[in-house]
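Visitor: Here is how the chains run, residue by residue.
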Amino acid sequence: MDKEEYLKLVKKNNKEKNIIKNALISFLVGGFLGSIFHILTSLIISYCSVSKEFACGISLFIFILVAVVLTGIGVFDKLVSKYKFGLIIPITGFAHSIASSLLEYKKDGLITGLGANMFKLAGAVILYGSVAGVIFALLKVIIYG
Amino acid sequence: MKIFSSFILVGLICFIASIIYDTTKWTSGHITSLFVVVGAFLGFIGIYDYLIEKCGYGLSLPITSFGNQLYKSALNGIHSNGFFGAFKDLYVTTSLGISSAIILSFLMSLVCKPKD
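Line order of the protein sequences matches chains U and V.
All residue numbers for the first sequence refer to the working numbering, where the first residue is 57 and numbers rise by one.
All residue numbers for the second sequence refer to the working numbering, where the first residue is 2 and numbers rise by one.
Just so you know, these hints were derived from the structure itself, not from any lab.
Incorrect hints may have been included.
No farther apart than 20 Å at their CA atoms in a straight line, the calculated lysine to aspartate or glutamate pairs in the DMTMM-like style are these [claimed, not checked]: (1) LYS108(U) x ASP50(V); (2) LYS116(V) x ASP164(U); (3) LYS116(V) x ASP133(U).
Make a model of the complete structure from these sequences and hints.
Guide: And the structure:
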């Protein structure tokens with residue numbers, strides 16, 4: 057175990073003290089991204105005259121692009137360890153999970169590496185989102201007609 | 002003003018996630034999955050779209066929005082095509098996010114090398 061790993065372990069054990077600090081950092085970073093997203097979407101709506109949903113989609117695309125590029129050049133991992141859930145809960149975390157598993161398994165080849173491991177982390181989100189979405193939609197129709 | 006309410010709401014979601022992460026043994030995968038289901042539930046009780054309308058587009062950014070969109074497109078599918086419509090239209094609105102994440106990541110992984 058080298059020094060860096062040891063420091064990481066120590067940090068992990070001390071994390072109880074940092075609950076509030078971590079939460080506040082996440083609050084500020086997540087909130088900042090949220091307001092940027094709002095400004096970006098408003099700009100797209102006013103300049104491109106597209107529907108609200110599509111404008112949100114374009115903004116999401118831009119956020120995903122930035123997250124993927126930052127992951128590619130190795131910056132995003134450092135940002136995540138610094139700002140934690142401020143970056144994981146927004147869509148950037150979803151893009152980062154796909155991009156980082158692709159990078160990690162690149163050495164195993166195109167099919168058994170990239171193809172098989174792409175959704176290692178993001179798969180849970182898609183799986184439970186789909187199941188919950190369909191079940192709640194069916195419930196809504198059954199209950200309210 | 003909506004910029005400010007976007008800030009508060011998105012920040013609050015990240016705040017809750019961070020508290021859950023630090024006080025339980027869950028990984029970030031557990032938390033994002035939970036939040037997707039919570040988003041679908043908020044859509045189910047009709048709060049999520051109301052919040053986006055009142056508090057700005059910022060709420061389309063967190064992963065909870067993903068659940069809400071999946072729920073909404075499944076519901077629209079049921080209304081237009083019956084039971085099988087839910088399966089036909091499930092990914093209609095989230096398609097942009099999923100496919101751009103997949104394709105951009107793939108292109109990136111061809112160009113970049115993993116850092117250790």
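Visitor: Each hint should be assessed against the structure and marked as holding or not.
Guide: Hints versus structure:
Note on LYS108(U) and ASP50(V): the hinted pairing holds, with a Cα-Cα distance of about 12 Å set against a maximum of 20 Å. Of the pairs offered as hints, the one joining LYS116(V) and ASP164(U) holds, with about 16 Å between alpha carbons and a cut-off of 20 Å not exceeded. Restraint check for LYS116(V) and ASP133(U): the C-alpha separation of about 10 Å stays at or below 20 Å, so the hint holds.
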